[in-house]
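S.K.: Below, each chain spelled out in residue letters.
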Amino acid sequence: MSVLLIAEHNNKELKPFTLNVINAATQIDQDTHVLLIGHNADSVAKSISEVSGVKKVIHVDSPIYENYVAENYVPVILKNAENYSHIVSAANTFGKNLMPRVAANLDTSQVSDIIKVLSADTFLRPIYAGNAFATVKTNDPKKCITVRPTSFDPAPSTGGSAEIVKGDPGEEYSLTKFVKKEEIKSDRPELGTARIVISGGRGLQSGENFKLITAVADKLNAAIGASRAAVDAGYITNDHQVGQTGKVVVPDLYIAVGISGAIQHLAGMKESKVIVAINKDGEAPIFSVADYGLEADLFEALPQFLEELNKLNTIQK
Amino acid sequence: MKILVAVKRVIDYNVQIRVKEDNSGIVTDNVKMSTNPPDDNAIEEAVKIKEAGKATEIVAITIGDDKAQETVRKALAVGADRGIHVKADGIIEPLAVSKILKAVVEKENPDLVFMGKQAIDDDCNQTGQMLAALLNWPQATFASKIDVKDKSLEVTREVDEGLETIEVNIPAIVTCDLRLNEPRYASLPNIMKAKKKPLDQMSATDLGVDTKPRIEQIKVEEPPKRKAGIKVANVAELVNKLKNEAKVI
Ligand SMILES: Cc1cc2nc3c(=O)[nH]c(=O)nc-3n(C[C@H](O)[C@H](O)[C@H](O)COP(=O)(O)OP(=O)(O)OC[C@H]3O[C@@H](n4cnc5c(N)ncnc54)[C@H](O)[C@@H]3O)c2cc1C
Ligand SMILES: Nc1ncnc2c1ncn2[C@@H]1O[C@H](COP(=O)(O)O)[C@@H](O)[C@H]1O
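Top to bottom, those sequences are chains A and B.
Everything in the first sequence is counted per this note's numbering, starting at 1 for the first residue and increasing by one.
Everything in the second sequence is counted per this note's numbering, starting at 1 for the first residue and increasing by one.
Treat the hints as calculated values from the structure; they're not laboratory data.
Take these hints with a grain of salt, some might be off.
What the hints assert, rightly or not - Facing chain A, according to a computed beta carbon distance under 7 Å, are these residues of chain B, among others: (1) V15; (2) I17; (3) T141; (4) E158; (5) T165; (6) L207; (7) D210; (8) R214; (9) K219; (10) K231; (11) V232; (12) K241; (13) A246.
Claimed, not checked - Quick list of in silico lysine-lysine cross-link-like pairs, DSS-like style, CA-CA up to 27 Å: (14) K317(A) / K48(B); (15) K151(B) / K54(B); (16) K241(B) / K211(A); (17) K225(B) / K116(A); (18) K102(B) / K48(B); (19) K67(B) / K231(B); (20) K180(A) / K241(B); (21) K247(B) / K54(B); (22) K50(B) / K273(A); (23) K50(B) / K149(B); (24) K219(A) / K241(B).
Glycine is no exception: its CB is placed at the ideal position from the N, C-alpha and C atoms.
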């Protein structure tokens with residue numbers, strides 16, 4: 001038995017969540033191998049080989065893999081699948097797009113979005129937007145699994161010394177073409193891994209008003225999140241959305257501003273260590289999960305918040 | 001061009017679900033059900049494409065118990081031309097759903113299959129990708145914009161980093177995000193008319209698909225509850241608590 005993990009990267013860097021998935025994989029089986037499919041990604045192969053817990057890196061290089069297209073990845077994964085009992089990747093838009101295409105090819109019923117490894121075939125996973133936890137056991141001989149990265153600590157990025165072997169590319173899939181990716185670059189911490197997240201909702205009323213959120217985020221070195229309503233209204237781009245159909249975040253501190261707390265939003269943040277809610281409606285459901293609730297108008301509260309933060313001598317980064 | 005749209009009947013998204021006392025599942029008796037939200041977007045998009053003169057027929061399909069037919073009727077009321085109900089009871093896993101859909105695709109020969117990106121009950125996010133795999137068709141998942149070209153679609157996908165655009169040849173599978181469009185409501189006259197539209201029925205067995213679950217659901221539990229917090233009187237108190245009590249800033 002051993003685990004084949006599909007790495008997420010951009011040919012230059014390993015995506016940080018891969019480390020969390022490596023940790024989950026080693027809980028399934030110590031013999032964890034990572035499959036890196038890319039182009040000119042030698043530095044990524046090297047950094048994976050140094051991750052603690054990784055036993056082997058299979059590096060497949062071809063210009064076909066310049067950009068990630070699931071249809072191109074799948075033949076490579078299938079070629080390598082034979083030697084493994086489990087195939088795993090992250091339950092983010094990368095792995096969600098990829099893994100079911102692998103699973104169906106192997107006639108396997110996939111287990112999505114696990115939050116705990118109970119044994120090599122039994123897992124805990126949230127259903128109904130996290131309003132219930134299901135314990136599930138898969139009986140398929142080959143198990144395809146996606147892992148909720150925020151439910152596992154990252155594996156240490158050093159301490160390993162796995163061998164790197166070259167793998168063969170698969171056939172190119174000609175019916176799907178990558179056109180472009182509009183990536184929003186920022187100097188802020190990444191939403192998924194930030195220690196502090198401050199999110200704005202419909203209560204912000206406009207994209208312009210999000211600068212009140214940005215100012216506090218700058219001060220706290222926080223990532224910025226948003227409710228679906230705020231994204232739908234065009235206040236902020238989709239990569240900021242937190243929730244059932246957005247990102248799941250588990251920061252030390254989550255500050256929800258002008259967000260009512262619909263179950264679909266809570267699904268993405270209610271595991272946060274400390275939750276703060278700022279809302280002018282004292283009955284808003286967000287207060288039911290908040291450790292500290294402030295019933296106030298955000299347009300007064302946010303500037304005051306910044307002012308109070310400015311008074312502090314030190315702020316943890 | 002013909003579009004097949006898969007719609008699932010789920011507990012309404014506004015319902016606060018309850019776990020059964022014996023931990024065998026979720027209470028569904030007397031609970032409001034509706035169409036899985038992004039499946040409404042899938043139907044809406046198909047109807048818009050037909051209205052633009054680029055599609056000739058829309059077939060809505062559901063897999064489930066007798067009541068699942070309501071979901072197809074609703075799709076017919078907003079513009080689908082024909083319905084299919086594949087009867088199957090109990091939990092039907094995405095793998096089985098995709099095998100059923102594959103069998104139907106082989107009979108119906110649609111050019112496109114539209115579905116939701118994720119069912120809000122099982123939160124699996126698998127079925128479209130699996131169907132694409134079984135048919136070896138291109139997959140455009142998490143679509144928030146679709147441009148129909150001559151023999152292809154240009155699709156904008158919502159991904160973690162922002163937006164991605166891909167081009168897929170037709171035939172293709174598209175899974176829809178809620179931001180794809182604004183689903184319309186069914187008017188009363190259209191609801192009446194929908195009752196007369198054809199709705200074929202068949203069973204999973206007729207299609208030769210074994211729907212027995214592969215995954216055992218051992219138990220379903222309530223997630224741990226957060227303990228109740230406090231309300232603070234003002235911003236100064238909030239900052240003080242965060243600094244000195246929670247020690248997070
Ligand atoms: C299938 C499905 C999936 C979904 N997925 C997600 C998801 O992933 N993420 C998500 O967030 N939502 C999701 N939603 C939407 C969700 O149901 C809610 O509609 C959404 O979260 C509401 O966003 P909101 O809280 O910003 O807006 P609202 O519910 O409108 O709340 C705005 C809040 O702001 C407060 N407010 C207004 N003005 C002020 C002020 N001046 N000062 C202080 N407070 C103020 C109000 O009191 C109110 O509580 C999903 C819905 C469906 C059907
Ligand atoms: N029983 C079903 N009947 C019809 N469509 C379904 C069914 N199950 C899943 N689907 C389709 O597949 C999508 C994704 O579902 P899932 O993979 O379960 O998250 C849904 O949005 C539907 O479009």
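S.K.: Could you run down the list of hints and mark each one as holding or not?
M.R.: Each hint tested on the structure:
Among the interface hints, the one on V15(B) is violated; its C-beta lies about 9 Å from the nearest C-beta in chain A, farther than the 7 Å criterion. Checking I17(B) against chain A by beta carbon gives a least distance of about 5 Å; that is within 7 Å, so the hint holds. Interface restraint check: T141(B) against chain A, minimum CB-CB distance 5 Å, threshold 7 Å, status holds. For E158(B), the suggested interface contact is upheld, since its CB lies about 5 Å from the closest CB of chain A, less than 7 Å.
Taken as an interface hint, T165(B) checks out: its beta carbon lies about 4 Å from the nearest beta carbon of chain A, inside 7 Å. A hinted interface residue such as L207(B) counts as satisfied when its beta carbon comes closer than 7 Å to some beta carbon of chain A; here the least separation is about 16 Å, so the hint is violated. Given the 7 Å rule on beta carbons, the hint for D210(B) is violated: about 11 Å separates it from the nearest Cβ of chain A. Annotation: R214(B) was flagged as interfacial toward chain A, and the flag holds, the nearest CB pair being 4 Å apart, inside 7 Å.
A least Cβ separation of about 5 Å between K219(B) and chain A falls short of the 7 Å threshold, and the interface hint therefore holds. The beta carbon of K231(B) is positioned within 7 Å of a beta carbon in chain A (closest approach about 5 Å), and the interface hint is therefore held. A distance limit of 7 Å between C-beta atoms decides the matter here; for V232(B) the minimum to chain A is near 5 Å, and the interface restraint holds. Below 7 Å, beta-carbon pairs count as interface contacts, and K241(B) has one with chain A at about 6 Å; its hint therefore holds.
Interface hint at A246(B): satisfied, since its Cβ lies 5 Å from the closest Cβ of chain A, which is below the 7 Å cut-off. In summary, the hint linking K317(A) to K48(B) is not supported, as the alpha carbons are separated by about 49 Å, beyond the 27 Å threshold. Proposed proximity of K151(B) and K54(B) is supported: the alpha carbons are some 11 Å apart, at most 27 Å. Straight-line distance between C-alpha atoms of K241(B) and K211(A) comes to about 25 Å, which keeps the hinted pair within the 27 Å bound.
Proposed proximity of K225(B) and K116(A) is supported: the alpha carbons are some 17 Å apart, at most 27 Å. This hinted pair checks out: K102(B) and K48(B) have alpha carbons roughly 24 Å apart, not beyond 27 Å. About 45 Å separates the Cα atoms of K67(B) and K231(B), which puts this hinted pair outside 27 Å; it is violated. Using a Cα cut-off of 27 Å, the hinted pair K180(A) and K241(B) is violated, with the two alpha carbons roughly 46 Å apart.
Taken as a hint, the K247(B) and K54(B) pair is broken in the structure, with Cα atoms around 59 Å apart against an allowance of 27 Å. The straight-line distance between the Cα atoms of K50(B) and K273(A) is roughly 49 Å, outside the 27 Å bound, and the hint therefore fails. For a cut-off of 27 Å, the pair hint linking K50(B) to K149(B) stands: about 14 Å separates their Cα positions. With a C-alpha separation of about 17 Å, the suggested pairing of K219(A) with K241(B) holds against the 27 Å cut-off.
Consistency with the previously given hints fails for numbers 1, 6, 7, 14, 19, 20, 21 and 22, ordered from lowest to highest.
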